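Residue-level listing of the chains:
Number of protein chains: 2
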Amino acid sequence: MSLLVVGSVAYDTIKTPHGEAAEALGGAAVYFSLAARLFTPVRLVGVVGEDFRKADLDLLSQSGVDSSGLEHVRGGRTFRWTGEYSQDMNRRETLSVELNVFADFKPKVPAAFRDSRFVFLANASPVTQLSVLEQMNRPDFVMADTMDLWIQTAHRDLLALLKRIDGLLVNDSEAILLTDRHNVIEAGKAILDMGPSRVVIKKGEHGSILFDGGQIIPLPAYPIGSVKDPTGAGDSFAGALMGYLTTSSGKPRGKAEVETRALKQAIGYGTVVASLTCEDFGVRRIAAASEAEARERFERYKELISL
Amino acid sequence: MSLLVVGSVAYDTIKTPHGEAAEALGGAAVYFSLAARLFTPVRLVGVVGEDFRKADLDLLSQSGVDSSGLEHVRGGRTFRWTGEYSQDMNRRETLSVELNVFADFKPKVPAAFRDSRFVFLANASPVTQLSVLEQMNRPDFVMADTMDLWIQTAHRDLLALLKRIDGLLVNDSEAILLTDRHNVIEAGKAILDMGPSRVVIKKGEHGSILFDGGQIIPLPAYPIGSVKDPTGAGDSFAGALMGYLTTSSGKPRGKAEVETRALKQAIGYGTVVASLTCEDFGVRRIAAASEAEARERFERYKELISL
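Chains A and B, in that order, are what the protein sequence lines are.
Each residue of the first sequence is one higher than the one before, starting from 0 at the first, in numbering that gives the first Met the number 0.
Each residue of the second sequence is one higher than the one before, starting from 0 at the first, in numbering that gives the first Met the number 0.
Calculated from the structure, these hints are not laboratory results.
Here the structure is a predicted model, which means the values were calculated and not measured.
You can take every hint at face value.
EDC-like, lysine to aspartate or glutamate: derived pairs with alpha carbons at most 16 Å apart:
1. Lys14/A / Asp87/A
2. Lys301/B / Glu302/A
3. Lys263/A / Glu298/A
4. Lys263/A / Glu302/B
5. Lys105/A / Glu133/A
6. Lys188/B / Asp165/B
7. Lys263/B / Glu302/B
8. Lys301/A / Glu302/B
9. Lys107/B / Glu133/B
10. Lys263/B / Glu302/A
11. Lys162/A / Glu133/A
12. Lys107/B / Asp65/B
For the chain B half of the interface with chain A, some residues (derived, Cβ under 8 Å), not all of them:
13. Asp87
14. Met88
15. Asn182
16. Ile184
17. Glu185
18. Lys202
19. Gly224
20. Gln264
21. Ile304
Where chain B lies over chain A, by a calculated footprint (3+ residues, C-beta under 8 Å):
22. 85-96
23. 202-215
24. 261-272
Think of the CB as a built atom: it goes at the ideal place given N, C-alpha and C, for glycine as much as any other residue.
All chains, full assembly: derive it from the sequences and hints.
Structural data, given as structure tokens:
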């Protein structure tokens, strides 16, 4: 079994009430990879500039992330994001975005990656996401993320993408925007009618809701008091979810095995790994985490919510 | 075992995007009682005016609620509340409040109620809540609700109350206001330091969090798409929680038996009974519900969130 992620690789400058980090390794595909690698080897497709640090490449490869699909643009500059969080961490302001080499990102999936059975299309334009699917050799399970920008400016392409994927992972506000419904329960059901057979709606500190056929399954966030930096929590959630689905304890899964119970457990792993990410700045905590640590927190979470 | 609730009895006029109800039976103590009676007999202490309808008294007594502690004020008028919900049901505007007889509410606990082992002090001024405790004969487990008004205008009395109760049940925004913390996890821990050994923070559609000693246990809301009227959901939650704690399947519980597992299950019952309340206007749904229906939805909920 094999897992491919396609998405942004970035340098983030982050300010929260607990401190700051400048030019820290980030981006959706990086958080995703560092979470997923706790469970399975990960193949990463993305783009960086000439300024991408050797140390960051080393971190990825030492973590079990195959970055041979990472395009290096000569004379280019890596994607930069600068943001600041409010005192209660519930709002963040983007202070600056420099897309740089990510602006013209045309993902090229290496031949060796085309047989990946599980695929995650991190946030990018639906056209870019569709171009990845064109290059793949019939994967078993494809999940995608999106954002308000694409819902508003590339609605038709997004609808086309929805017909081609197995699962959509979105924030509550994005689900409501996409479907024009008044609450997340109605929104999740409406997205199922647009194509994917599974929808996961992320609600940040309030957990998530899985829509799997007729089943609607809410799960709470893992309670941590000490959120230092929530950047990348959603992408880590996706990474652990897909990583766990791809291979559970070494036992390969096929399409038919992505069942409700496996999805619930995968979301449980996504939940606890996202909470790890929040405990330190940038990728620091998730890069240092071990599979045993994730499993231990999962067992604690499972026991906590067991009635 | 016996359960006492002291709080408001009202006539509500409610408008939601799904319809309206005028002069409908409501009030915290009524929702609480109609939820708790699914599990145990309930003793109600409150106050109404001469206009209180015979049919509503009959509804309470037929439901297993002992309303002999309901004071009828000659020439008085029952508490009135009028409110309107936003399109997404997440905000409600109070259009008018007439406290009427509730303004001078001095709860008198009938002699026959003073031995109640479980006591719920629904929202009222902390001085009023404390006056109830003065009349009780050493109950086993006392839980109280409060609101922003008392946190802001009767802070000292509220702190005195907190030292006398076993559990506090509050909304997330109230918990943050009371403790001046930035998130609900920190707020819940801070309330534990103020006196009660248990805190339950209600988050509406996002579920609740139990703080029980060192344990922090989040539980999601029961997912329903068809919220018709959320009025009384929080009070129904409290009623089912306390009703289940008071007696579980006829087996009496004592102080020592209010353990984490029982509290979690009680919150599970609170969660599903609150969802029943939201399915129709006013007390209509909760008054028609049966214990079997609550237990069936609880089992479904338990299975949904089991990993």
